Amino acid sequence: MHSSIPVSSTAETAVPPAPSAWRIFRRNRAAVVAAAVVVLLGAFALLGPTLVPFDPSRTGVGPSMAPPGVPHLMGTDELGRDVLSRAAGGLRISLLVGLSAAGAATLIGLLVGGTAGFFGGLIDDALMRVTEIFQVIPRFFLAILLVAFFGAGLANIIFAIAILGWPEVARLVRSEVLTLRNRQFVDAARIAGASRTALIAGEILPNAMGPVVVNTSLLIGQAMLLEAGLSYLGLGDPSVVSLGVMLQEAQQIMRSAWWTSAFPGALIFLAVLALNLLGDGLNDVLDPRARER
Amino acid sequence: MAPPLLLYAGRRPLQAVPLVLVIFLINFTLIQAAPGDPIDFLLGSSDATEEYIAQLREEFGLDQPFLTQLLAHLGKVAQLDLGYSLRFREDVLTLILSRRPATLLLMGSALVVASLLGVLLGAVAARRPYSLTDNAATLLALAGYSMPVFWLGQIMLLVFSLHLAMFPTQGMMSLRAPREGIGMVLDVAHHLVLPVATYSVYHLALVFRLTRVKMQETLALDFITTARAKGLPESRVVYGHALRNAMLPVVTVIGLNFGFMLAGSVLTETVFAWPGTGRLLYDAIGPRDYPLLMGLFTVLSVMVILANVLTDIIYALIDPRVVYR
Numbered sequence: 004m005h006s007s008i009p010v011s012s013t014a015e016t017a018v019p020p021a022p023s024a025w026r027i028f029r030r031n032r033a034a035v036v037a038a039a040v041v042v043l044l045g046a047f048a049l050l051g052p053t054l055v056p057f058d059p060s061r062t063g064v065g066p067s068m069a070p071p072g073v074p075h076l077m078g079t080d081e082l083g084r085d086v087l088s089r090a091a092g093g094l095r096i097s098l099l100v101g102l103s104a105a106g107a108a109t110l111i112g113l114l115v116g117g118t119a120g121f122f123g124g125l126i127d128d129a130l131m132r133v134t135e136i137f138q139v140i141p142r143f144f145l146a147i148l149l150v151a152f153f154g155a156g157l158a159n160i161i162f163a164i165a166i167l168g169w170p171e172v173a174r175l176v177r178s179e180v181l182t183l184r185n186r187q188f189v190d191a192a193r194i195a196g197a198s199r200t201a202l203i204a205g206e207i208l209p210n211a212m213g214p215v216v217v218n219t220s221l222l223i224g225q226a227m228l229l230e231a232g233l234s235y236l237g238l239g240d241p242s243v244v245s246l247g248v249m250l251q252e253a254q255q256i257m258r259s260a261w262w263t264s265a266f267p268g269a270l271i272f273l274a275v276l277a278l279n280l281l282g283d284g285l286n287d288v289l290d291p292r293a294r295e296r
Numbered sequence: 013m014a015p016p017l018l019l020y021a022g023r024r025p026l027q028a029v030p031l032v033l034v035i036f037l038i039n040f041t042l043i044q045a046a047p048g049d050p051i052d053f054l055l056g057s058s059d060a061t062e063e064y065i066a067q068l069r070e071e072f073g074l075d076q077p078f079l080t081q082l083l084a085h086l087g088k089v090a091q092l093d094l095g096y097s098l099r100f101r102e103d104v105l106t107l108i109l110s111r112r113p114a115t116l117l118l119m120g121s122a123l124v125v126a127s128l129l130g131v132l133l134g135a136v137a138a139r140r141p142y143s144l145t146d147n148a149a150t151l152l153a154l155a156g157y158s159m160p161v162f163w164l165g166q167i168m169l170l171v172f173s174l175h176l177a178m179f180p181t182q183g184m185m186s187l188r189a190p191r192e193g194i195g196m197v198l199d200v201a202h203h204l205v206l207p208v209a210t211y212s213v214y215h216l217a218l219v220f221r222l223t224r225v226k227m228q229e230t231l232a233l234d235f236i237t238t239a240r241a242k243g244l245p246e247s248r249v250v251y252g253h254a255l256r257n258a259m260l261p262v263v264t265v266i267g268l269n270f271g272f273m274l275a276g277s278v279l280t281e282t283v284f285a286w287p288g289t290g291r292l293l294y295d296a297i298g299p300r301d302y303p304l305l306m307g308l309f310t311v312l313s314v315m316v317i318l319a320n321v322l323t324d325i326i327y328a329l330i331d332p333r334v335v336y337r
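Line by line, the protein sequences give chains D and X. The opening residue of the first sequence carries number 4 in the working numbering; numbering runs sequentially from there. The opening residue of the second sequence carries number 13 in the working numbering; numbering runs sequentially from there.
One thing to keep in mind: the hints can contain errors.
To be verified - Covered by chain X, per the in silico footprint, the following chain D stretches (three or more residues, Cβ under 8 angstroms):
id, region
1, 131-144
2, 148-158
3, 225-234
4, 257-269
What the hints assert, rightly or not - Derived coverage of chain X by chain D (criterion: at least 3 residues anywhere in the stretch with Cβ under 8 angstroms from a Cβ of chain D; other residues may be distant):
id, region
5, 129-139
6, 165-175
7, 276-284
8, 295-303
Don't read these hints as lab results, they were simulated from the structure. Given the structure is predicted, the values throughout are model-derived calculations rather than measurements. Each residue gets a CB set at the ideal place from its N, CA and C atoms; glycine is no exception.
All chains, full assembly: derive it from the sequences and hints.
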């Protein structure tokens, strides 16, 4: 019986090699499909506006409210604009807002949560109290107020959405930093004479990034939904067309032109669903507890 | 000495007072910090005579120092004076209160539907993890999570109102329907179906996902093994023992998501022209009716804070393990 257990002469033979990140990710088939969808939609948003056959803002490139067909694959709106061409540009704006707002929220959260977790004590108490306040007040309404008061520019919209997202990131980062702060490898770096900044930037943050990356993927989707919601309520940037703005315009005419609502909405839905599934898959790779399954 | 639970129920609301003050402070700071003259915000796009502007300036004490203005603002709020809506030409608080019942009806119905169905589906899915039923329900829940709620409403309208003509397209009552008795109830219920179906999807998905995870955890615990060993029928083990324990966190999540629920009600009410506070907010955004916008923010925020307090107290009531602090 004993002979069947491999006796290790070197450490490597005893421990099976850790599966590579890609192999873990590949096991989650939904996430692989989602990643492909995200890449495709990203490419469509990036290149689409230059490839589409019609000028998205020009009226009368087709008849008013033509149903989907050739040459207007997604039909036209009441002003005879091509829905597909507009949707390509709309997706670009929606993704841009989603990425920027999620990025900003993550940055604020890293800063606040990292500081609170690393320094502890009074600083921690004060920062976490502020975070709690932002979690309890109805943030969607705060975003509405901010955009209504300061104007519906793209920058204001991104800022308002970032305000909604950062408190969860801050709490996440803080709890990660708290558990990492007293780990041996951090002690080792400290004893070796690393400065505080070097400790945070070099040792703690890189190891806390896993859950943060997963959360950012989910945040991008949420931010896209929020942008759509704000635009639908009439708080979109009037100088650009996002998918949410298209849905707001569709509300008036969808009774006679269902395609003006169905296609832009389906694009948001698809993008957000793919980002959520992708987050699941990333979680498998980046969370060591999930890796053992 | 009073029992600790009573003390906690008395003390917990007090902890919310600073939060309410923060809400008032945000409102006040917004008027001060926004670009342009505060008078512009109070008047919006309406035409006003010079006299009225002078009167407003006087009334709001805009020539006074910052702190005096802040105290005056707080004093007004304390007297439940939230200002005057320029679009509706009515007192803001009266206006908001008159729209409450419609929103409460919509939110209450959706909450009941979403919680019951979500808990039930979650329990069923958890009995056989990764089975076909479980996977299908999980994917559906994720879809419900990823959809703009107002787009779902638009699609519901297109399919069930316009194409199939099964439900009315908007509002809460038909023009010619009876205004009392069973006829009115049926008419309102008919109008309620699509908004509730739209609005409950997100919360159904949320409650389902949480119940499923909690049920899986609970079913692996020792007392479940004991219950099974006693020879109890499996359905009683799952729905009698496990579900009762798994439902505790569900109560919390419903309470803590009250803010997001209100946000969803704005979008749903806008799609279906449902005459509640959400639709009121939409109507205030177009003409930038700032007093009404700020009044709504105040009232809705206070409601969310109250919901949080209530959730904590209810949780303390039903979970004997909570330590009162």
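Verification of the supplied hints:
With a cut-off of 8 angstroms between beta carbons, the region 131-144 of chain D has 7 residues touching chain X; three or more are needed, and the interface restraint holds. Judged by the Cβ-Cβ criterion of 8 angstroms, the region 148-158 of chain D is covered by chain X as claimed, because 6 of its residues qualify and three suffice. Counting residues of the region 225-234 of chain D whose CB lies closer than 8 angstroms to any CB of chain X gives 3, which reaches the minimum of 3, so the coverage claim holds. Given a C-beta distance limit of less than 8 angstroms, the hint that chain X covers the region 257-269 of chain D holds, as 6 residues qualify and 3 suffice.
Counting residues of the region 129-139 of chain X whose C-beta sits closer than 8 angstroms to any C-beta of chain D gives 0, which falls short of three, so the coverage hint is violated. Closer than 8 angstroms: that is the beta-carbon criterion, and the region 165-175 of chain X has 5 residues meeting it against chain D, so the requirement of 3 holds. Evaluation of the coverage hint for the region 276-284 of chain X: fulfilled, as 4 residues show C-beta separations to chain D shorter than 8 angstroms, against a requirement of three. Coverage of the region 295-303 of chain X by chain D holds in this model, with 4 residues showing a Cβ closer than 8 angstroms to a Cβ of that chain against a need of three.
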